[in-house]
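The listed protein sequences correspond, in order, to chains S and E. Everything in the first sequence is counted per our numbering, starting at 1242 for the first residue and increasing by one. Everything in the second sequence is counted per our numbering, starting at 909 for the first residue and increasing by one.
Treat each hint with caution, since some may be false.
Unchecked claim - Covered by chain S, according to a simulated footprint, are these stretches of chain E (three or more residues, beta-carbon under 8 angstroms): (1) 1212-1219; (2) 1355-1368.
To be verified - Under the rule of at most 20 angstroms between Cα atoms (straight-line distance), these lysine to aspartate or glutamate pairs were calculated in the EDC-like manner: (3) 1375/S with 1046/E; (4) 1323/E with 1394/E; (5) 1375/S with 1430/E; (6) 1323/E with 1320/S; (7) 1323/E with 1395/E; (8) 1323/E with 1318/S; (9) 1045/E with 1372/S.
Unchecked claim - Anything over 12 angstroms on all C-beta distances counts as not near chain S; from chain E, calculated: (10) 978; (11) 1260; (12) 1284; (13) 1505.
Don't read these hints as lab results, they were simulated from the structure. The structure presented is a predicted model; accordingly, all values stated were derived computationally and were not measured. Positions of the beta carbon are idealized from the N, C-alpha and C atoms, including for glycine.
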Amino acid sequence: MTPRRHLLTAAAAWLVLSAVSMAVVAGVQILPEIASREAEVEDAAFVLLTVVSMPVLWFVVVGLAYSALRFRAPAGDVEDGPPVHGHRGFQAGWLVVTFLLVIGLFVYGAVGLLEIRGAQSADFEVHVRAEQWKWHYTYPDGLTSADLHLPLGRRVHLVLESDDVIHSLWLPALGVKQDAVPGRVTQAYTTPTLAGIYGGRCAELCGFGHTGMTTTVEIEDQASLDAWLQQEEAEPSSGS
Amino acid sequence: MAAERRTFPILAPGLPRAVIGAAIGAAIGAAGAIGLNGEAGQILGLGYLFALVGFLLGIGAFRFWLTWAIGREVDVHEEHAAHGTAGDWRRYFRFTTDHKVIGVQYLVTAFVLFLVAGTAAMFMRVELAQPGLLTDKDTYNTFMSTHGAMMITVALVSIIGGLGNYLVPIMIGTRDMAFPKANALSYWMLPLPVLLVAINPLLGGFDSGWTAYPPLSQQANLGQQAYLMAFVTVGASSILSAANFLVTVFRMRAPGMSLMRMPIFVWALTVTATLALVATSVVAAAFTMLLFDRLLGTSFFRPSRGGDAILFQHLFWFYSHPAVYIMAVPGLGAILEIVPVFARKPLFAYPLAVLSFIMIGVLSFMVWAHHMFVSGMAEFFHIPIMLTTELISVPTGVVFLTALGTIWMGRLHFKTPMLWVFGFLWAFVIGGITGVYLADVPTDIVLSDTFFVVAHFHYTIVGGTIFGLFAGTYYWFPKITGRMYDERLGKIHFWWFTIAFNATFLPMFWLGIEGMRRRVADYPPEFGPVNLFVSFAAFNIALSVAVFVYNMVRSWRRGEKAAANPWNAQGLEWQVSSPPPIENFGDIPTVTDTPYQYGSPHLPAPVSGPPAPAPGAAGLRPKP
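The whole structure should be built from the sequences, with the hints applied where relevant.
Right under this line is the structure:
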């Protein structure tokens, strides 16, 4: 087989595998739970990166597999391969393609980042205080609870602080992960889109009790949130 | 025998005297700290410092410099004896200045550490095999932190310290490193800190992971302090060794070996040494400040007294991201050195590969904050760091261009080292692709601090460094030991390790996306079945490594004798006997080209079986 035939055969295999796998992953939801605008943006980023990864992965895999199958030297072979030290066009093409790919991914990532953290405005603010190994949430009217309750469809501003070591509030369904750092105030934003009760946990190793430092977040419409706040005011069920 | 002439052999420089020296030093340091009414941490600190000095004095690390410093003539015979005698096994346990002895010392130490740290990983997988707790969480955290700290050391020293020390002087055609005594010193600085990390559970263990973020690491046990002190010592050794490599490479190359004729492995180590030299001092400073916070009451990173916990993370990652390349680039270099030999083709795009290594080195200093996307650092900083982090995949990707370009249309011989090359390329492309998910802020917010990160860095560090280390160890084993390894056992090791490795870490990507945090001893029950599978696969990694150890030990003792050039390769190291003689070369060779002239028509056809002596090889001509 001529070098050209080898190249064409491998390229055809690469094209087919890439196209099929890209089509398959393009329609998949990757994150297990999506209950906020931010989590939607993050899931879309996952899907895009996975789609773009497919041709890259197959390029290497097809290159290796094809070579292992077709360029294996017979036993006892003492000959050398062709003395090719490089190929200017191929090298330049490789650099240009990888560079453009990277710039494209960067622009897409920057747009997503601005969508998640860019608009520094919100219409509901909750203060989050972390300590070993508990979370405390304080609402605009001064009420404090151990579970997080957030209104559906409004942009929420989370203001995080820590009393002792670094913790990290991770609310997977809401697309939020933000460290709470002693001596600093950190921020996160989320816009809940789906009512329900979701899990949350501390993501930054914070000592002995880190494994058990979990929390729950309930997303409900404004009316039931107000009702809950009033009820808590009357007879606190939890929190400190 | 210098030792026999003395009245008290125990007082001759060597391991027994080093142990006594360490004990006396520890006693003096501890007594001093107690005398000053020190706390436990200060007693440990001073005791360790003095023990280290006592150990190095005992092993004889400073004897020539001290003799010179007090104005006496250095005993030439003793200096010569310190270089070691061929075939004498005792030189491996002494302060020996021969770079080949030091290389073997590093390599064997690294593999021993690899086994110890791997054992810690097995304990982790026992705990994680099922939801619920077998031990308590502190024990788990100590195993996890110790596994991390030790494996980082393995990845940092195995290739550069082991294969690098052994091979670089031979590959550039010189007789030893530029500073043989400093070279031996940088090795002998390691045993004590390594031991200190190994015994940290006796000091209460440490639960902060290898990253040691304050304030958690400020309130942790004495084991934490042991780790910090050990890390600073290893860092000092690393800086010393890096300076030595750079001077050797830039000043001691054989005639004709221009920079652009250097083997790619030497280039990789040159970039690595530059990174180590520049970056290590930053983390050493950060860890020293942290030690001061713990021991002397300063508040660099203590928020309750105005310190800044995020500052530590910046300093830590300013070293520790370049450190990822200090670990990976030597592996990439070893892989690219091996590919042409078993593909029987010149290294594809050699100049571009060199340029890429340099670019990786430069860019690696500008990407550190991608470890901190959810840390609460300055908001604007996300954008430039995301850009530089994604840009570094361009030079890193050139490794694939070079490897695939060399393999394509080659005549491939699937000896064990070549299998590891293929395994490396698979693992490293997975590591590279998943790295993009962590560089992209929207996906990183989800993945930060999850098992996805654990899977990713095992694919890059095991895939990059350990696959490169195994490839290199098999490839250069005949050169180093003078014997062939067992090819069948080598292949069993490769397939078993590679399948088990992928079965262990591929599911972890899924676990991370589904929400399993890293550094936890327990997890929700729904992750149980996958974790059980992962633990089973992880035990298989350990078993496959047992095959490797058996193969190495047995082949070293009674493997088939190796020829000078069993692979028919062109590098200078293959033109000397196996193992090379003391001081490597009778006459220093003259180099005429890169060692990648496979298939060139003007060269004699390669021979199989026992090779022709030096003059037949390409790229090399004995000095007239």
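Quick rundown of the hints versus the structure:
{"no.": "1", "hint": "1212-1219", "verdict": "holds (count 6)"}
{"no.": "2", "hint": "1355-1368", "verdict": "holds (count 3)"}
{"no.": "3", "hint": "1375/S with 1046/E", "verdict": "holds (18 angstroms)"}
{"no.": "4", "hint": "1323/E with 1394/E", "verdict": "holds (11 angstroms)"}
{"no.": "5", "hint": "1375/S with 1430/E", "verdict": "holds (17 angstroms)"}
{"no.": "6", "hint": "1323/E with 1320/S", "verdict": "holds (16 angstroms)"}
{"no.": "7", "hint": "1323/E with 1395/E", "verdict": "holds (7 angstroms)"}
{"no.": "8", "hint": "1323/E with 1318/S", "verdict": "holds (13 angstroms)"}
{"no.": "9", "hint": "1045/E with 1372/S", "verdict": "holds (18 angstroms)"}
{"no.": "10", "hint": "978", "verdict": "holds (50 angstroms)"}
{"no.": "11", "hint": "1260", "verdict": "violated (6 angstroms)"}
{"no.": "12", "hint": "1284", "verdict": "violated (3 angstroms)"}
{"no.": "13", "hint": "1505", "verdict": "violated (7 angstroms)"}
Checked against the numbered hints given earlier, this structure breaks hints 11, 12, 13; the rest are met.
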